[in-house]
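Going down the list, the protein sequences come from chains A and B. The opening residue of the first sequence carries number 1 in this note's numbering; numbering runs sequentially from there. The opening residue of the second sequence carries number 1 in this note's numbering; numbering runs sequentially from there.
Hints are computed from structural coordinates only; laboratory data are not their basis. Don't take each hint at face value.
To be verified - Some, not all, of what chain B presents toward chain A, calculated at C-beta under 10 angstroms:
1. Met-85
2. Leu-88
3. Ala-92
4. Val-94
5. Pro-112
6. Val-113
7. Asp-114
8. Gly-120
9. Phe-139
Quick reminder that beta carbons are idealized off the backbone N, C-alpha and C, glycines included.
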Amino acid sequence: MTLVEHERPHEEPTPESSRESRAWRNRLFKAAMLFSMLVAFGTLVVLLVDTIVTGWPAIEWKLFSDPPSTLPEEAGGRPAILATLYLGALVLLLSVPIGVLTAIYLEEYANRERWWNRFIEVNIQNLAAVPSIVYGILGLAFIVRGIGVGRVVFAGGLILTLVVLPTVVVASREAIRSVPDSIRQGAFALGATKWQVVWRQVLPAAIPGMATGSILALSRAVGETAPLIMVGAITYVAFDPELFGAYTALPVQIYNWTKQPDPEFQTLAAAGALVLLVIVLTMNAVAIFLRNRYRRQW
Amino acid sequence: MVTSMSQTESPQIDSARIAQVSRGLDRAEIERREKVFSVVNLGVSYNGKPALEDVTLDVHTNTVTAFIGPSGCGKSTFIRCFNRMNDLIPGAKVEGTVLYHGADLYGRAVDPVDVRRRIGMVFQKPNPFPKSIYDNVAFGPRVLGLKSGLDERVEKALHDAALWDEVKNRLKDSALGLSGGQQQRLCIARALAVEPDVILMDEPASALDPISTTRIEDLMHELKREYTIVIVTHNMQQAARVADMTAFFSVLVHEDGSARRGVLVEYDTTAKIFTTPADKRTEDYVTGRFG
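For reference, chain A alone in the conformation it holds in the complex (with noise of 0.2 angstroms):
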């Protein structure tokens, strides 16, 4: 058998012309994507210098001791900054046990021929969109009023755990379908029961995801404001907060001291907003780092 070799067809040299629009058309769509970044990141880098610069002489001791007064010298944010870690374990303890286990009924035991499930899914993503200040006025006209909690602390954590529960069992329900199917069946071909396939294979792996989702969604929850405002998160409080007792909350008492005349408010205004921020990021490094020790390749 004899090989024919098939002659490539004869190409027309591409024109000098073209190869330079090409290259023109590369560099236009690169410096499209750099300015695109810098916008978003630019922003960031100008509203952390900005809050830095003005904030920084108020950092001091007294803003971490001190309750908030009507001089801006002797005004501190300690009882809106206790409140706000309050706030955060409450979400915490709340929100992790309910989120979790509706993923695991969802992702494990629902069955999605039924259409209950379904409808429930679909809300869950719905509730994940809707905007915080309409769980405030729920917050307000069930939990405050309706069974009568007050305006507490208490309160507080509940609507933030409403806030947040959608996504932590959106990122609960991810990191559990990230478990290998194969795992599973391997767990269930040894003779476990589905609980125990659940709970000694399936929770175990998916443990890092739903840590990192549901810090992200914590660091979310303590930065919010609006329903805090709604359940009565009141500006002046000037002793340490109590589960059942009346707080305010850090975003709280930022926004009430961007409200004042006095400038040295704004300062500390700036720093308020620098402690929070430093909350947020360290909890989101926390989640980094959560991710990243325990990734896992299957």
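Model the placement of chain B on the given structure of chain A, informed by the hints.
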């Protein structure tokens, strides 16, 4: 061209192939042994579409039984009927009878969890749990509540799976750090740790290199002294090397080409299937004309 030459010749049953299958038991010896499974008119369908129809065969104790056939012939579907893994697939329906030591495996009072405790399974792709080597093997005994003598149990299982010497100094290391062949032997050890009666292997060597494959095959010869082994393989040489009995499955296509379903073509001793098969389709398959 090489392929066209072999097609013009009549299929040769060469002596090498006979030598390969000579390790299998003879039919009388196999049939003297107790029946572990009796399958009668078994059919499986997924969402109403038949995947496998009308399978009848017996599996005897302390033998290796291989299921071979082209892709889509239902051999993996079939092996999953033995430990009721098809129960986990929504829409799967099993009809017909599977008797396990004379008792109906699909009886009303039978709990699939108990079935899987006695009938272990090794999968196509090694699927170690993302835990330590020790915890992988200990998982089965732990979920069954076999807490006493766990260390000895783990060691014995790893010994039986010919893995102990390679891992004895790193039992606490992650199982995901093992090579593919080691992972698959770990999965075999994991199945052995609960002391099953039967071990089902669904193409256990298809993801492994030739050396690891040989080790798994040698292991099967060892294991059949204590266990009954059922293996699905798409590698005919493998079936010839390890199996005492071989079942050949094929795909039946409906006249209009719409429905495809698997059927059992022939079931006999491995020596017979590979040297003097009764059915033309089997002959075409084992001589490499098809599939």
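Next on the checklist: Holds or violated: the hint that B/Met-85 contacts chain A, with Cβ atoms closer than 10 angstroms.
Outcome noted: With Cβ-Cβ at 7 angstroms, under 10 angstroms, it holds.
Checklist entry - How about B/Pro-112: closest beta carbon in chain A under 10 angstroms, or not? => result With a minimum Cβ separation of about 8 angstroms from chain A (threshold 10 angstroms), the hint on B/Pro-112 holds.
Next on the checklist: Tell me if the interface restraint on B/Val-113 is satisfied: Cβ within less than 10 angstroms of some Cβ in chain A.
Outcome noted: holds (5 angstroms)
Next on the checklist: Using the nearest Cβ pair, does B/Leu-88 come within less than 10 angstroms of chain A?
Outcome noted: Status holds, d = 6 angstroms.
Next on the checklist: For the restraint on B/Ala-92, tell me whether the closest CB of chain A is nearer than 10 angstroms.
Outcome noted: violated (14 angstroms)
Checklist entry - Does the interface hint hold: is B/Gly-120 within less than 10 angstroms of chain A, judged Cβ to Cβ? => result With a closest approach of 7 angstroms, the B/Gly-120 hint holds.
Item to check | Proposed interface contact between B/Val-94 and chain A, which counts if any beta carbon pair is under 10 angstroms | outcome: violated (16 angstroms)
Next on the checklist: Less than 10 angstroms between beta-carbons is the criterion; does B/Phe-139 satisfy it with respect to chain A?
Outcome noted: holds (6 angstroms)
Checklist entry - Are B/Asp-114 and chain A close enough, Cβ to Cβ, to be under 10 angstroms, as the hint says? => result holds (7 angstroms)
When the structure is compared with the earlier hints, violations turn up for hints 3, 4 and for no others.
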